[in-house]
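Taken in order, these protein sequences are the chains called X and W.
When we follow this note's numbering, the leftmost residue of the first sequence carries the number 81, and every step to the right adds one.
When we follow this note's numbering, the leftmost residue of the second sequence carries the number 271, and every step to the right adds one.
Just so you know, these hints were derived from the structure itself, not from any lab.
The beta-carbon is built from N, C-alpha and C at its ideal position, and this holds for glycine as well.
Among the hints, a few may not be true.
Think about it this way: if two alpha-carbon atoms lie no more than 27 Å apart in a straight line, the pair counts; the simulated BS3-like pairs of lysine-lysine are [said to hold, decoys possible]:
no., chain 1, residue 1, chain 2, residue 2
1, W, K737, X, K238
2, W, K697, X, K165
3, X, K165, W, K524
4, X, K163, W, K357
5, W, K570, W, K697
6, X, K174, W, K355
7, W, K458, W, K272
8, W, K317, W, K347
9, W, K357, X, K238
Some residues of chain W that are not near chain X, with every Cβ distance over 12 Å (derived) [unchecked claim]:
no., residue
10, L329
11, S348
12, V397
13, T413
14, E431
15, L461
16, S529
17, N654
18, G734
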Amino acid sequence: MTRRRWLASTPLTAAVLAAQEHAHQAARSPQPPAFAAFAALTGAEAREIEAIAAQIIPADDTPGAREAGVIYFIDRALATFDKDKRAVYTEGLKDLDARRATLFPGSRSFAELDSDSQIRLLRAIEKSDFFELVRSHAILGFFGNPSYGGNRDQIGWKLIGFEDRAQFQPPFGYYDAEPKG
Amino acid sequence: MKQYRPDEEVDFLIIGAGASGGIMAKELSTAGFSVVVLEQGPYLREKDFQHDEIKNTVLGALTNHPSHQPQTHRASKSEPARLLKQKYLQYGRQVGGGSVHFTANYWRLWESDFQQKSKWGGVPGAVLADWPITYAELEPYYTKGEEELGVSGIAGVNPFEAWRSKPYPLPPMPVKSSGVLFERATRKLGLHPFPAPLAILSQPYRGRGACVHCGFCEFFGCEMRAKSSTLATVIPAAERTSRCEIRPDSYTRKIETGSNGRATGAIYFDANRREVLQRAKAVIVCANGSETPRLLLMSKSSQFPQGLANRNGLVGKYLMVDAGYEVHGTFEHELNEYKSVQATRAIHDFYEPDPKRGFYGGGGIDARFDYYPASFALGGLPPNAPRWGREWKAMVARNFNRTMSLLAHATCLAREQNSISLDSEVKDPWGLPAMRITFSFHPDDMRNMRFLLDRQMEILQAAGAQKAWPDTADESLLPHNHLLGTCRMGNDPATSVVDRHHRTHDVPNLFLVDGSSLVTACCQPTCTIQALAYRAADHIGQQARRNAI
Numbered sequence: 081m082t083r084r085r086w087l088a089s090t091p092l093t094a095a096v097l098a099a100q101e102h103a104h105q106a107a108r109s110p111q112p113p114a115f116a117a118f119a120a121l122t123g124a125e126a127r128e129i130e131a132i133a134a135q136i137i138p139a140d141d142t143p144g145a146r147e148a149g150v151i152y153f154i155d156r157a158l159a160t161f162d163k164d165k166r167a168v169y170t171e172g173l174k175d176l177d178a179r180r181a182t183l184f185p186g187s188r189s190f191a192e193l194d195s196d197s198q199i200r201l202l203r204a205i206e207k208s209d210f211f212e213l214v215r216s217h218a219i220l221g222f223f224g225n226p227s228y229g230g231n232r233d234q235i236g237w238k239l240i241g242f243e244d245r246a247q248f249q250p251p252f253g254y255y256d257a258e259p260k261g
Numbered sequence: 271m272k273q274y275r276p277d278e279e280v281d282f283l284i285i286g287a288g289a290s291g292g293i294m295a296k297e298l299s300t301a302g303f304s305v306v307v308l309e310q311g312p313y314l315r316e317k318d319f320q321h322d323e324i325k326n327t328v329l330g331a332l333t334n335h336p337s338h339q340p341q342t343h344r345a346s347k348s349e350p351a352r353l354l355k356q357k358y359l360q361y362g363r364q365v366g367g368g369s370v371h372f373t374a375n376y377w378r379l380w381e382s383d384f385q386q387k388s389k390w391g392g393v394p395g396a397v398l399a400d401w402p403i404t405y406a407e408l409e410p411y412y413t414k415g416e417e418e419l420g421v422s423g424i425a426g427v428n429p430f431e432a433w434r435s436k437p438y439p440l441p442p443m444p445v446k447s448s449g450v451l452f453e454r455a456t457r458k459l460g461l462h463p464f465p466a467p468l469a470i471l472s473q474p475y476r477g478r479g480a481c482v483h484c485g486f487c488e489f490f491g492c493e494m495r496a497k498s499s500t501l502a503t504v505i506p507a508a509e510r511t512s513r514c515e516i517r518p519d520s521y522t523r524k525i526e527t528g529s530n531g532r533a534t535g536a537i538y539f540d541a542n543r544r545e546v547l548q549r550a551k552a553v554i555v556c557a558n559g560s561e562t563p564r565l566l567l568m569s570k571s572s573q574f575p576q577g578l579a580n581r582n583g584l585v586g587k588y589l590m591v592d593a594g595y596e597v598h599g600t601f602e603h604e605l606n607e608y609k610s611v612q613a614t615r616a617i618h619d620f621y622e623p624d625p626k627r628g629f630y631g632g633g634g635i636d637a638r639f640d641y642y643p644a645s646f647a648l649g650g651l652p653p654n655a656p657r658w659g660r661e662w663k664a665m666v667a668r669n670f671n672r673t674m675s676l677l678a679h680a681t682c683l684a685r686e687q688n689s690i691s692l693d694s695e696v697k698d699p700w701g702l703p704a705m706r707i708t709f710s711f712h713p714d715d716m717r718n719m720r721f722l723l724d725r726q727m728e729i730l731q732a733a734g735a736q737k738a739w740p741d742t743a744d745e746s747l748l749p750h751n752h753l754l755g756t757c758r759m760g761n762d763p764a765t766s767v768v769d770r771h772h773r774t775h776d777v778p779n780l781f782l783v784d785g786s787s788l789v790t791a792c793c794q795p796t797c798t799i800q801a802l803a804y805r806a807a808d809h810i811g812q813q814a815r816r817n818a819i
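Could you build the full structure based on these sequences and the hints that come with them?
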């Protein structure tokens, strides 16, 4: 399934549109996301995982996991170097879904829950291997090299003040810039 | 580049193109000998080195990997060994070896390191010994290494350092904020900070450019060739002689011996997993303190049923590793520690073991930052910080450029049970026995690490840290990167594997030159491993010219 078709089958939230816009910008940047289709995840899975990642690294006054395209990183990880962890996602999502149905009868998916309910659900599973794996992947996607599909427009690096430059000159920080003595 | 046919008997076959193998290759080929170097990893070039944290730290592009180099571990001989998902021991796995991705800390040993047994008598539960050589015998080769490879530092500031015949060839690297804070704090405490000696160029040197402070040293290859790896220095020099062939993607499985008990060459798997026998007049193993003993143990034959050079059963014994905890602190203003080299200041005030402490052990401490963006976000916050969500995000954003660390580089005692051996069940993808690691620290090592941890915390507090905390580790940081002592050097064939010139006691034309030779372990081994290689090459070359090998 192509990314465009996945987007077409999804309620286009403002954030997704923003992400799409970011993707267009990224395509012109030196290290564009290297794939356009989901290789490991179904659209439904991707929607749920993206919503989890967006609670782990939420958008507030700065962009979060969704805007950084973390889901594309996760898909790529599960299709390549973390292939053997695919089952953790399958099982974890199944478990999350069961908990959701019990806690919030009548709800249809994690992604459609309101933010407080999502956080409540995640608190219940935050010690699980599944949550730990999504957390790791979300962080790697958000702060790793943009060539893996996440960290779009270096959103993660901008957040923490990391500049990927070929060179720097001293002084590097506040304390080594102070007059000696 | 020169290429030899495998059936051509070369003068020297070197196994491992790392920190020591690169030096052996250069020294012996420039002395006129024909040399083939087998390297299990690839031949990467500067263009292959990118600022890619996922590739280098998550995927371990420059190191051994659990999927291809499986390791099993047990804490003691009485336990079954477990197959590990993560690495327990880590080594560089490409041409240049660990010198490609190391932090480049370049500390000489002290004179007293070579005589710890004489000084201490003994430590119960440890196998302490004097080295068969002295600092004075090694000093010319320390100097040669520093000059030839290019090391930045300043002599005379560290009041505890051993005497040296020449100053460092290059001035120290510029100090970072962590170094300034460390220097102030340690002076306040009456200690003696000094600029960390680094195998990184502070100025242009011998055709290579100076460091540009990009910040990607530890775990990364230097695309500027400013890090003085053997890949950037002696290996090109060896190739220029037209007598040395570096053969990458060549994984040695056995050293062959003839009916006269001499080594005749080695069998390796090439990139297509075909077995090739390279013939040689002499074999020098430089495969690191874990792979060297493994290869000797795999080189069993009817003549050497316990493995090669292992008549006394000591091959693989006395494994020593890097010991020491890390502490972290946050400060009011931005340090921007991600820029430039990892460490710029260190102390040696607690280096010498002191009986008054009530245990054996000592070590140095340096100020550093060895996080990159993702690793920091994964684990760089204090222990009770939130782990996800808004608050977590805000803390990561605030702390990344305000955090620094202090790492202890401590002694590790040799224990009889700590060893490299062959796993009886687990095989690697080539069908060879996996490396079995038996290791747990000596109780004195643990006491020493905790002693140093307290000193590290005092320094961070004296530096004015807003918050300071230790890593929560039971033993030490994993994986271990310094793989030492497993083919100990000594004069007595009953208690050591190689003699004072790295020749195995059992096989006259087989030499072992790497971390496996070290008799004791403190702090930063690469400088000493490379000095030993220069010294060994000098002697081996002379012996070969006299037909005495």
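Unsatisfied constraints (hint numbers, rising): Numbers 3, 7, 8, 9, 10 and 18 - these are the hints that the structure violates, sorted from lowest upward.
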